[in-house]
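Residue-level listing of the chains:
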Amino acid sequence: QKEVEQNSGPLSVPEGAIASLNCTYSDRGSQSFFWYRQYSGKSPELIMSIYSNGDKEDGRFTAQLNKASQYVSLLIRDSQPSDSATYLCAVNTVGSGSARQLTFGSGTQLTVLP
Amino acid sequence: DTEVTQTPKHLVMGMTNKKSLKCEQHMGHRAMYWYKQKAKKPPELMFVYSYEKLSINESVPSRFSPECPNSSLLNLHLHALQPEDSALYLCASSHAGQNTEAFFGQGTRLTVV
Numbered sequence: 032q033k034e035v036e037q038n039s040g041p042l043s044v045p046e047g048a049i050a051s052l053n054c055t056y057s058d059r060g061s062q063s064f065f066w067y068r069q070y071s072g073k074s075p076e077l078i079m080s081i082y083s084n085g086d087k088e089d090g091r092f093t094a095q096l097n098k099a100s101q102y103v104s105l106l107i108r109d110s111q112p113s114d115s116a117t118y119l120c121a122v123n124t125v126g127s128g129s130a131r132q133l134t135f136g137s138g139t140q141l142t143v144l145p
Numbered sequence: 010d011t012e013v014t015q016t017p018k019h020l021v022m023g024m025t026n027k028k029s030l031k032c033e034q035h036m037g038h039r040a041m042y043w044y045k046q047k048a049k050k051p052p053e054l055m056f057v058y059s060y061e062k063l064s065i066n067e068s069v070p071s072r073f074s075p076e077c078p079n080s081s082l083l084n085l086h087l088h089a090l091q092p093e094d095s096a097l098y099l100c101a102s103s104h105a106g107q108n109t110e111a112f113f114g115q116g117t118r119l120t121v122v
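For the protein sequence lines, the chains are F and H, in the order given. Every number in my numbering is 31 more than the matching position in the first sequence, counting from 1. Every number in my numbering is 9 more than the matching position in the second sequence, counting from 1.
For the record, the hints were derived by calculation from the structure and aren't laboratory data. Backbone N, C-alpha and C fix where the C-beta goes; we use that ideal spot for every residue, glycine too. If a hint is listed, it holds; no wrong ones were tucked in.
Below, simulated DSS-like cross-link-like pairs (lysine-lysine); rule was C-alpha separation at most 30 Å, straight line:
no.: 1; chain 1: H; residue 1: 31; chain 2: H; residue 2: 45
no.: 2; chain 1: F; residue 1: 98; chain 2: H; residue 2: 50
no.: 3; chain 1: H; residue 1: 31; chain 2: H; residue 2: 62
no.: 4; chain 1: H; residue 1: 45; chain 2: H; residue 2: 62
no.: 5; chain 1: H; residue 1: 49; chain 2: F; residue 2: 73
no.: 6; chain 1: H; residue 1: 28; chain 2: H; residue 2: 62
no.: 7; chain 1: H; residue 1: 18; chain 2: H; residue 2: 31
no.: 8; chain 1: H; residue 1: 45; chain 2: F; residue 2: 73
no.: 9; chain 1: H; residue 1: 27; chain 2: F; residue 2: 73
no.: 10; chain 1: H; residue 1: 28; chain 2: H; residue 2: 18
no.: 11; chain 1: H; residue 1: 45; chain 2: F; residue 2: 98
no.: 12; chain 1: H; residue 1: 49; chain 2: F; residue 2: 98
no.: 13; chain 1: H; residue 1: 45; chain 2: H; residue 2: 28
no.: 14; chain 1: H; residue 1: 49; chain 2: H; residue 2: 28
no.: 15; chain 1: H; residue 1: 50; chain 2: H; residue 2: 27
no.: 16; chain 1: F; residue 1: 73; chain 2: H; residue 2: 62
no.: 17; chain 1: H; residue 1: 31; chain 2: H; residue 2: 49
no.: 18; chain 1: F; residue 1: 73; chain 2: H; residue 2: 31
no.: 19; chain 1: F; residue 1: 87; chain 2: H; residue 2: 49
no.: 20; chain 1: H; residue 1: 49; chain 2: H; residue 2: 27
no.: 21; chain 1: H; residue 1: 31; chain 2: H; residue 2: 47
no.: 22; chain 1: H; residue 1: 47; chain 2: H; residue 2: 27
no.: 23; chain 1: H; residue 1: 18; chain 2: F; residue 2: 73
no.: 24; chain 1: H; residue 1: 47; chain 2: F; residue 2: 73
no.: 25; chain 1: F; residue 1: 87; chain 2: F; residue 2: 98
no.: 26; chain 1: H; residue 1: 47; chain 2: H; residue 2: 18
no.: 27; chain 1: H; residue 1: 50; chain 2: F; residue 2: 73
no.: 28; chain 1: H; residue 1: 28; chain 2: F; residue 2: 73
no.: 29; chain 1: H; residue 1: 50; chain 2: H; residue 2: 18
no.: 30; chain 1: H; residue 1: 47; chain 2: H; residue 2: 62
no.: 31; chain 1: H; residue 1: 45; chain 2: H; residue 2: 18
no.: 32; chain 1: H; residue 1: 62; chain 2: H; residue 2: 18
no.: 33; chain 1: F; residue 1: 87; chain 2: F; residue 2: 73
no.: 34; chain 1: H; residue 1: 50; chain 2: F; residue 2: 87
Only part of the chain H face toward chain F is listed, based on derived beta-carbon distances under 10 Å:
no.: 35; residue: 49
no.: 36; residue: 54
no.: 37; residue: 64
no.: 38; residue: 108
Given these sequences and hints, build the entire structure.
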């Protein structure tokens with residue numbers, strides 16, 4: 032069973048602070064990693080993808096990947112109330128029949144307090 | 010354009026009804042997915058189509074029947090569902106390959122009465 036683990040939270044941060052979300056995965060063969068944001072009642076929205084060790088920045092978001100430690104994280108700088116959502120870590124793994132599939136963590140609920 | 014379109018947005022059906030969910034994308038993606046999501050849970054994979062062929066069926070009950078008529082369309086046929094099947098049904102698509110991003114439709118909120 033290939034697993035993706037996240038701190039389920041909830042996580043609360045004040046407006047303007049840095050929110051740090053963490054994820055670990057069990058499949059050492061995984062090559063691609065994603066963060067999705069999901070507002071209540073809506074579908075997941077892709078916000079970051081990362082494939083190589085190190086940091087990847089996009090605006091206020093930074094994804095970090097460490098394949099040796101099987102660890103991926105998402106930092107949100109200058110957090111805004113509009114960032115309040117559930118953040119899903121997803122890892123591309125090999126499923127049954129050798130087809131690739133996204134395996135999701137349980138999600139971290141983030142609340143940014145004004 | 011990263012749009013995946015699902016219809017209908019909401020569906021209420023009885024346990025003896027037959028209905029279908031539809032998903033469409035025009036991004037040239039050759040992998041399409043059905044996920045089921047219950048409240049406060051992550052999406053749970055149901056089916057994967059790769060190049061219009063069913064490549065993953067995650068032991069889904071036969072009352073759910075997927076169909077991929079062409080590279081842009083994905084259907085999920087529903088028959089004799091149970092109230093516990095009420096959930097948000099999500100379609101997603103991606104390029105078929107390893108390092109590829111998947112994009113989700115807005116989902117169909119299904120209620121079985």
